[in-house]
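Fit chain B to the known structure of chain A by using the hints.
Read top to bottom, the protein sequences are chains A and B.
Going left to right, the first sequence walks through residues 1430 to 1728 as this note's numbering numbers them.
Going left to right, the second sequence walks through residues 330 to 561 as this note's numbering numbers them.
The set of hints was computed from the structure by calculation and includes no laboratory data.
All C-beta atoms in this analysis are idealised placements derived from N, C-alpha and C, irrespective of residue type, glycine included.
Be careful, since some hints might not be right.
As the list claims (entries may be wrong) - Listed next, the in silico DSS-like pairs over lysine-lysine satisfying Cα-Cα at most 30 Å (straight line):
1. B/K503 - A/K1722
2. A/K1622 - B/K486
3. A/K1727 - B/K345
4. A/K1722 - B/K402
5. B/K397 - A/K1722
6. A/K1723 - B/K399
7. A/K1630 - B/K511
8. B/K341 - A/K1723
9. B/K511 - A/K1539
10. A/K1722 - B/K423
11. A/K1727 - B/K511
12. A/K1722 - B/K375
13. A/K1523 - A/K1574
14. B/K345 - A/K1622
15. B/K399 - A/K1722
16. B/K511 - A/K1723
What the hints assert, rightly or not - Partial selection, computed: residues in chain B whose CB lies under 10 Å from chain A:
17. E358
18. V382
19. S401
20. L405
21. L420
What the hints assert, rightly or not - Quick list of the computed label-pair ranges, beta carbon to beta carbon:
22. A/R1447 - B/T366: 35 to 41 Å
23. A/R1447 - B/E355: 31 to 37 Å
24. B/N542 - A/L1434: 48 to 54 Å
25. A/R1447 - B/K402: 28 to 34 Å
26. B/H525 - A/L1434: 57 to 63 Å
27. A/R1447 - B/N542: 44 to 50 Å
28. B/H525 - A/W1726: 28 to 34 Å
29. A/V1608 - B/T366: 51 to 57 Å
30. A/Y1674 - B/E421: 31 to 37 Å
31. A/Y1677 - B/E421: 27 to 33 Å
32. B/L441 - A/F1438: 16 to 22 Å
33. A/L1434 - B/N351: 41 to 47 Å
34. B/N353 - A/W1726: 25 to 31 Å
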Amino acid sequence: MIRALCRHFREAFQGIFRHFAMSLSSASAVTFALILVSGMMLIIGNISQITMDLQESVNIFVRIDQDVEEDRVAILQMAIEHIEGVNTVTYSDKDEELNKLIEEFGEDGKMFEIYRGENNPLSRAFVVEIKQNYKISDVSAQISKIPGVSEAVFGGTNTEMFIEMLTVIRTGGVVVVLVLAVLAMFLISNTIKITIAARQKEISIMRHVGATNSYIRMPFVLEGIFIGLMGSVIPILITIMGYDYFYYTMGGKLITGLLSLQPTIPFVFYVSGVLAAMGVFVGFVGSIISVNKKLRWKR
Amino acid sequence: MLVLENVGKTYKNGVKALHDINLNIEQSEFVYIIGNTGSGKSTLIKLIDGEEVPTKGNVKVVGINVGKLKHSKVPLYRRNIGVVFQDFRLLEHKTVFENVAFALEVINMKKLDIRRRVREVLELVDLADKANSFPHELSGGQQQRVAIARAIANRPKLLIADEPTGNLDPMTSKTIIDLLEKINQEEKTTILMVTHDVALVDSNRHRTIVLQNGYIVADAQDGGYFRDQSIM
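Pulled out of the complex, with its shape left as it was, chain A reads as follows (with noise of 0.2 Å):
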């Protein structure tokens, strides 16, 4: 078994090495595309990043019935924790309802103090956090259904509307990321095509003695495999040392400040990661949808 592969990668080396210029042009191409492929994944990941914030940011806030009795909160507030998309609900009594007014005024906020006690007309209430990918208006419209609910609001339809068009820059990433890895496997297929019309004669002696189809078939996969990783070698440098000049420039924070940034360990080792792993994967495939098709033997 240790014997046969060794013998498979001094075969899928040479096969490199006989068409190096072939080689070096599908890997290339691999290049290239794994370097977009490696922009939009961190454009991808840092605006899951920013979406997460924002969501997290945002909370509804349930204005309870001034008729709801006392012990009907707790029900209240376990009905909410039903609604699925609800991450955590947390109850604020008038008191602290009063509290949180007084401290958004500041000094005028003291004028509220008179307020105190029974002449508190503020509503009790609950501020309710979301889970991700949820979106907050369809939790909100099926919060305000339930009977005590006086009202629900969250922070406005703008940040809903940011968030959906991160979400649809994010959908819209990943068919780029797809489109791409296709064309690499196209171009890498395109490759282990000619190596294998290179050594037909070798295949030809190779049945005669009595390889097996896989014996046959691995070099050239692994051809493929090698083309693959070579080409993921550049977008991984320029991934790794790219973006950690990028976020330092940015002091880890874009535009405003608001909105923070992935930091670069462990992020750039994450898409280092799926980098080689893609070019290993569009090599793979690549190389056998070549070898499925030439090598195929029918009697």
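Positioned in the frame of chain A, the structure of chain B alone reads:
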């Protein structure tokens, strides 16, 4: 060791290459197969080495029904047979030693065993001193001897030689046939040789089977070339 029972082969395009072939070849026999172009010689070889499946009948080699073999088992079956071609089919970028070793590497033999066996067969074909030469540095006869060494390296029970002297001059052809006879006697390998070489069939007599239009029209145990125009 080689049995053909009522074997017929019709290709997908409708060409009927072989009709009702019945043949029995014993272990260690040396057999010539002769016949004109289109007589069915190549199809017969393809059926024996498992490249084609008979349309009817059975092809049995060393007890294996070749036509019924699963696709994945054909390579393993082929380890029982060696094939030598008219055009040698050596790998130009490998040395003589590597060319022979290649046949043993692909069946995953141990490195030490490969070395030992390659030296042994190169001695047998009298090319031990050319082990490090490349095919283009050898004469046609020497290249064919390398091809024979590669074909027998795995100690096959059957050696198929498809016009092995077709590209060689008469003197060299004689050395090749002598070598095949030596392998037949020393290694007890059954030899099935397809040829057009009248002189060889006459000078080195062995059982001779004549194919014509897909039929066996003669099977002479004492050999010799058939000059009867009604047969050939």
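Evaluated hints:
no.: 1; hint: B/K503 - A/K1722; verdict: 43 Å, violated
no.: 2; hint: A/K1622 - B/K486; verdict: 35 Å, violated
no.: 3; hint: A/K1727 - B/K345; verdict: 20 Å, holds
no.: 4; hint: A/K1722 - B/K402; verdict: 20 Å, holds
no.: 5; hint: B/K397 - A/K1722; verdict: 25 Å, holds
no.: 6; hint: A/K1723 - B/K399; verdict: 20 Å, holds
no.: 7; hint: A/K1630 - B/K511; verdict: 29 Å, holds
no.: 8; hint: B/K341 - A/K1723; verdict: 21 Å, holds
no.: 9; hint: B/K511 - A/K1539; verdict: 117 Å, violated
no.: 10; hint: A/K1722 - B/K423; verdict: 27 Å, holds
no.: 11; hint: A/K1727 - B/K511; verdict: 36 Å, violated
no.: 12; hint: A/K1722 - B/K375; verdict: 23 Å, holds
no.: 13; hint: A/K1523 - A/K1574; verdict: 22 Å, holds
no.: 14; hint: B/K345 - A/K1622; verdict: 34 Å, violated
no.: 15; hint: B/K399 - A/K1722; verdict: 20 Å, holds
no.: 16; hint: B/K511 - A/K1723; verdict: 39 Å, violated
no.: 17; hint: E358; verdict: 22 Å, violated
no.: 18; hint: V382; verdict: 6 Å, holds
no.: 19; hint: S401; verdict: 7 Å, holds
no.: 20; hint: L405; verdict: 7 Å, holds
no.: 21; hint: L420; verdict: 6 Å, holds
no.: 22; hint: A/R1447 - B/T366: 35 to 41 Å; verdict: 37 Å, holds
no.: 23; hint: A/R1447 - B/E355: 31 to 37 Å; verdict: 45 Å, violated
no.: 24; hint: B/N542 - A/L1434: 48 to 54 Å; verdict: 50 Å, holds
no.: 25; hint: A/R1447 - B/K402: 28 to 34 Å; verdict: 32 Å, holds
no.: 26; hint: B/H525 - A/L1434: 57 to 63 Å; verdict: 44 Å, violated
no.: 27; hint: A/R1447 - B/N542: 44 to 50 Å; verdict: 45 Å, holds
no.: 28; hint: B/H525 - A/W1726: 28 to 34 Å; verdict: 29 Å, holds
no.: 29; hint: A/V1608 - B/T366: 51 to 57 Å; verdict: 53 Å, holds
no.: 30; hint: A/Y1674 - B/E421: 31 to 37 Å; verdict: 51 Å, violated
no.: 31; hint: A/Y1677 - B/E421: 27 to 33 Å; verdict: 56 Å, violated
no.: 32; hint: B/L441 - A/F1438: 16 to 22 Å; verdict: 20 Å, holds
no.: 33; hint: A/L1434 - B/N351: 41 to 47 Å; verdict: 46 Å, holds
no.: 34; hint: B/N353 - A/W1726: 25 to 31 Å; verdict: 30 Å, holds
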